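Protein chains: 6
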Amino acid sequence: MPFINLKLAKGRTVEQKERFVKAITREAVEILNVKAEWVTVVIDEYDRDNWATGGELHSIKFGEGCGKMGVED
Amino acid sequence: MPFINLKLAKGRTVEQKERFVKAITREAVEILNVKAEWVTVVIDEYDRDNWATGGELHSIKFGEGCGKMGVED
Amino acid sequence: MPFINLKLAKGRTVEQKERFVKAITREAVEILNVKAEWVTVVIDEYDRDNWATGGELHSIKFGEGCGKMGVED
Amino acid sequence: MPFINLKLAKGRTVEQKERFVKAITREAVEILNVKAEWVTVVIDEYDRDNWATGGELHSIKFGEGCGKMGVED
Amino acid sequence: MPFINLKLAKGRTVEQKERFVKAITREAVEILNVKAEWVTVVIDEYDRDNWATGGELHSIKFGEGCGKMGVED
Amino acid sequence: MPFINLKLAKGRTVEQKERFVKAITREAVEILNVKAEWVTVVIDEYDRDNWATGGELHSIKFGEGCGKMGVED
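Residue numbers (the UniProt record's numbering), protein chains in the order written: chain A, 1 to 73; chain B, 1 to 73; chain C, 1 to 73; chain D, 1 to 73; chain E, 1 to 73; chain F, 1 to 73.
Treat the hints with caution; some may be incorrect.
Stated by the list, open to error - Covered stretches of chain F, going by a simulated chain B footprint (3 or more residues, C-beta under 8 Å): (1) 16-23; (2) 48-62.
Said to hold, decoys possible - Straight line, CA to CA, 25 Å or less: simulated DMTMM-like cross-link-like pairs of lysine to aspartate or glutamate: (3) K10/E <-> D47/C; (4) K22/F <-> E37/D; (5) K22/A <-> E56/D.
No lab work stands behind these hints, which were simulated from the structure alone.
Keep in mind that this is a model prediction, so the values were computed, not measured.
Cβ atoms here follow ideal geometry from the backbone N, Cα and C, with glycine treated the same way.
Please model the entire structure based on the sequences and the hints provided.
Listed below in structure tokens is the structure:
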């Protein structure tokens, strides 16, 4: 414990993932009062064909890819 | 809210996914009393090597693929 | 297959749940080409203390409860 | 997107949850390049009867409760 | 790793849970080639109002409770 | 019911998966008092870039691959 699962659009770099898991582990240690070695983070990356909001696939709403200006992903 | 996660065998088309997310979002709006833009649907697609029922992998039980007549996937 | 997990705020009635699982199972059968008996739906209900958007717990943003006009839950 | 699910032992205060969702949302915005309003955090809290490591339930390994010195939860 | 999540109807005893997590941890060690201390098992228990198959809630299909003869839970 | 989700590092063979789903289904039948055909097992396999413990990605901590001596995966 704790176990943290992050779901998001494909396309982040290994550097972004590394920074993010480091940051949320540090926050978990500080705020939730756990040891760093108990914190597991698992990342699920999605094609936009497999993510929808408002009843519309993001591949149709936004096109493929991630991180564009003004695009929810 | 709500957040809906659909797990199923690989092989549906983008058109099937689009119709399905549209349909369940419409039902959520109508039955659960939420706005369409609050409804998120995320799809996880599986190889049959990674799905088992009755203690047997579906790749062994049914072979690879999906949507065959009489096949649970 | 398929396995559908619905996460949402606490407070829907059994009648709403029954109508919703019936509706999405019907749509899965029609659109995803599966038999009704293969479709499993599992519902996770949340206190607003355990759901956050935009970095704020919904219990703080919206107060407790669900289904209020103009409230995301 | 992104959708973050945190699973951990029961017993954190609303203040700890509020600080934690604020912190990881801020990190997501900064590192993953998303808007704060796209970030959802959902928390699942567990009794120690329902969490095991090394083949042993935490209720047996550690007793009930959370946040004790030297206890993994 | 590995992380195992078990979802099932409410009503198992702590003894059943303890036996089950011990058994699947032992199998994971033997078959998947991991150390016991890396294996985490987390159990989610459900009311039958929150589990449906074939488009019908189990509370309606089977009544409340679990472990009855001939009842799927 | 029950629904079992196994998350682990990529790299197990179909034979290992088949043995594991058989074993945990057998244990579920025996210990949890369910029929084998009600037990579903779904496997999620991860690149080490998407799994972290102690605030560090396993791809950085251990290198790529799985099943090495002394390596947590």
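Point to revise | Hint numbers not upheld by this structure, sorted from lowest to highest | key: 2, 4, 5
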